[in-house]
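Heads up: the protein sequence lines correspond to chains A and B, in order. Under the working numbering, think of the first position of the first sequence as 1, with each following residue one higher. Under the working numbering, think of the first position of the second sequence as 1, with each following residue one higher.
The set of hints was computed from the structure by calculation and includes no laboratory data. Treat the hints loosely; a few may be bogus.
Unchecked claim - Simulated crosslink set (DSS-like; lysine-lysine; CA at most 30 Å straight-line): (1) K55/B to K73/B; (2) K55/B to K98/B; (3) K70/B to K55/B; (4) K73/B to K98/B; (5) K110/B to K57/A; (6) K98/B to K70/B; (7) K73/B to K57/A; (8) K57/A to K70/B; (9) K98/B to K78/B.
Below, each chain spelled out in residue letters.
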Amino acid sequence: KAGVTQTPRYLIKTRGQQVTLSCSPISGHRSVSWYQQTPGQGLQFLFEYFSETQRNKGNFPGRFSGRQFSNSRSEMNVSTLELGDSALYLCASSLDVGARNTEAFFGQGTRLTVV
Amino acid sequence: AQTVTQSQPEMSVQEAETVTLSCTYDTSENNYYLFWYKQPPSRQMILVIRQEAYKQQNATENRFSVNFQKAAKSFSLKISDSQLGDTAMYFCALQGGKLIFGQGTELSVKP
């Protein structure tokens, strides 16, 4: 079974630009979550989608948005990039949102650098 | 609000020895799960062990075991017979609706 696939793996963008990151979950998984990982803030929850609906959202500005398609693939978009958005963005998939014993499987992340 | 705190940013241990990583958490949920994830230099997050909050018995997975103290809201990870491949960042996580992570502990296993 293929794992969680995130594309692209690396990205360099300029301040003010926008970026779209993609995540393909494990086949059969309907829940996709996104996290931002930085050395200073650690792993911070961005949002979670289940069956094309956002079920949970973290404390990030409106510049960060996401969506999920009918095939469970998810995208996250960051508009008007700032230097502080430089981070590793991790996507995790699981069978069901909020299912407390469901293991989350992570992708290898997208390393975004904003210059 | 749910929080997870790991108070040890870095730790090191000699190969074959035992090390314990600390984690405390706070939640108002009664039904929740706790996890330890490992993130090696490859950045791939891997589940190490999970604990159900309503189970008093501590979870074990081969060389990995936890000490779960529900009243104290403490969830430490013990790694026995440490191996060089255990070198990684370890994250404690709380699942009570959404998965919340601690700041991580960077573990170095030295030969």
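To see whether the hints hold, each was checked on the structure:
1. K55/B to K73/B: holds, 14 Å
2. K55/B to K98/B: holds, 20 Å
3. K70/B to K55/B: holds, 10 Å
4. K73/B to K98/B: holds, 18 Å
5. K110/B to K57/A: Judged against 30 Å, a Cα distance of about 40 Å means the pair is violated.
6. K98/B to K70/B: Measuring from Cα to Cα gives roughly 19 Å; hence the hint holds.
7. K73/B to K57/A: holds, 25 Å
8. K57/A to K70/B: holds, 27 Å
9. K98/B to K78/B: Holds. K98/B to K78/B sits at ~25 Å (cutoff 30 Å).
Comparing the model with each earlier hint shows a violation of hint 5 alone; every other hint is respected.
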